[in-house]
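> One letter stands for each residue in the lines below.
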Amino acid sequence: MSSATTSSSSPQKWELLGAICLERTPIIVPPMTEIEQQISEMIEKFDNMRSLKSNHELRHEEDKKLQKMAADGNQDDSNPDAATRQTAQDFEDACNEEFLKFKPAPRTTAEDLSGDQKSTNRKLDKHLLFVVQEKEKKVWKLPESRWREGETLRETAERALREYVKTPDTSVRVLGNAPWGVHTIKYPSSVRQKLGFTGVKVFFFKAQLLSSCTTCSDIEYNWLGREELRNSLEPEYLRSVSKFLIDED
Amino acid sequence: MNKILRIRESLVLSSRMICTNIYFPTFLQVSTPLLAEPMKKKKKMDPQILKAREERKKKRIEKSIKKLEKNVKQLKPIEEIDLSISLQKEKWTRERAETVPEPLLRQRQNILKAWCTYKYQQHLQEMKMVDRIGTSQSRALEQLREISENLYIGAIQTDSTLLPFTAVGPSSTPPLNNYEVDGEYIDETPKWK
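These protein sequence lines map, in sequence, to chains D and V.
First residue of the first sequence? That's 1 in my numbering, and the numbers climb one at a time after it.
First residue of the second sequence? That's 1 in my numbering, and the numbers climb one at a time after it.
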């Protein structure tokens with residue numbers, strides 16, 4: 001309880017805000033860098049060279065022998081259905097055909113191309129952060145709300161989330177009771193005298209988006225990647241927030 | 001005169017003398033069974049002693065069985081394990097004749113060296129990032145503690161809903177909408193009576 005660092009003689013009073021940092025985590029893996037590609041190719045080559053032949057390969061060799069025998073004219077009459085047997089090559093071709101028929105979902109979505117910043121269905125290999133625009137000053141920031149008596153800061157952050165986003169409890173996972181970061185805003189001395197507070201402290205709580213959610217109707221919001229964050233948020237605020245965000249190239 | 005002499009000889013020569021004279025005066029006819037030792041009378045054993053003997057035999061056999069089983073539990077050292085012949089044959093049929101060409105080996109060495117440094121740098125970056133996130137959290141908790149002890153205590157409570165933590169990892173392509181999973185499956189719906 002002893003605070004060894006007391007800068008001013010009178011205790012400082014701070015306004016407490018709880019903010020929620022809601023992230024949509026990556027859905028697909030990022031593309032391989034050049035060196036990763038090289039090493040994966042090399043590993044595959046060496047694994048193949050040092051492996052033993054599989055049943056499929058043995059069957060293929062047998063088929064080749066049978067074909068050669070048939071070509072040379074030494075028909076093996078003991079095997080009447082040899083001609084109708086599906087060769088290993090046929091099986092491989094059939095498998096390849098089936099594989100080509102399957103079309104996986106594309107890695108770049110329509111929203112990627114159109115640049116729709118309100119959708120979570122873009123930049124699937126990166127993190128997207130939920131930011132809202134404050135109504136009066138048109139400042140972009142993470143959803144926050146003022147702390148009330150009797151609740152923990154985590155509950156403040158969850159309340160902030162519910163004000164902006166309509167989600168069932170299972171689609172958002174808050175990562176723990178402890179705040180991940182803090183941002184301090186000091187009021188100028190005139191405002192300090194008026195309000196009685198030295199400034200504002202915003203405590204950030206990190207959360208993950210597990211499934212889709214709908215935002216409330218009358219708010220300005222965006223789901224921003226790291227680059228876009230740098231352009232939208234205020235520099236000091238951005239510094240405090242990026243301290244607890246995962247790196248991305 | 002001769003006969004008396006012969007009998008006297010046999011008396012001297014062997015201690016176990018059997019008279020095979022079928023003529024006067026002895027008139028004895030002997031056969032092989034009669035030449036054997038007569039049967040001894042069988043003594044009746046105490047049934048308790050018999051039971052005890054059988055028990056002891058059983059115990060001995062059980063002990064030896066236990067010892068053998070103990071042997072089975074002990075793992076064989078790797079040097080003593082032999083490949084069964086069928087597996088050896090399989091290995092022989094499935095071996096590849098290819099050898100690795102020299103330039104490929106050298107190329108692999110170069111790539112591995114580059115990979116080593118790349119991964120090391122990546123590890124350093126990750127450690128830096130983890131440190132950064134950790135200090136951000138501890139600084140936030142410090143400042144919270146200066147403001148209010150109660151809130152601080154509330155913040156350091158363990159969140160039991162977080163553990164066990166599961167996350168579905170990223171895949172190489174995003175999930176398809178309206179994808180009907182086909183193929184064989186085992187129906188594991190629980191049946192209630």
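You may find that some hints are simply not true.
What the hints assert, rightly or not - Straight-line distance between alpha carbons at most 20 Å, and here's what the computed PhoX-like set of lysine-lysine pairs gives:
#1 Lys166(D) x Lys141(D)
#2 Lys45(D) x Lys128(V)
#3 Lys53(D) x Lys91(V)
#4 Lys243(D) x Lys128(V)
#5 Lys53(D) x Lys76(V)
These aren't lab readings, by the way, just hints derived from the structure by calculation.
> It remains to establish, for every hint, whether it holds in the given structure.
So, going through the hints one by one against the coordinates:
1. Lys166(D) x Lys141(D): holds (18 Å)
2. Lys45(D) x Lys128(V): Not satisfied, since the Cα-Cα distance of roughly 34 Å exceeds 20 Å.
3. Lys53(D) x Lys91(V): The hint holds at about 9 Å.
4. Lys243(D) x Lys128(V): OK: lysine 243(D) and lysine 128(V) at ~11 Å, within 20 Å.
5. Lys53(D) x Lys76(V): violated (29 Å)
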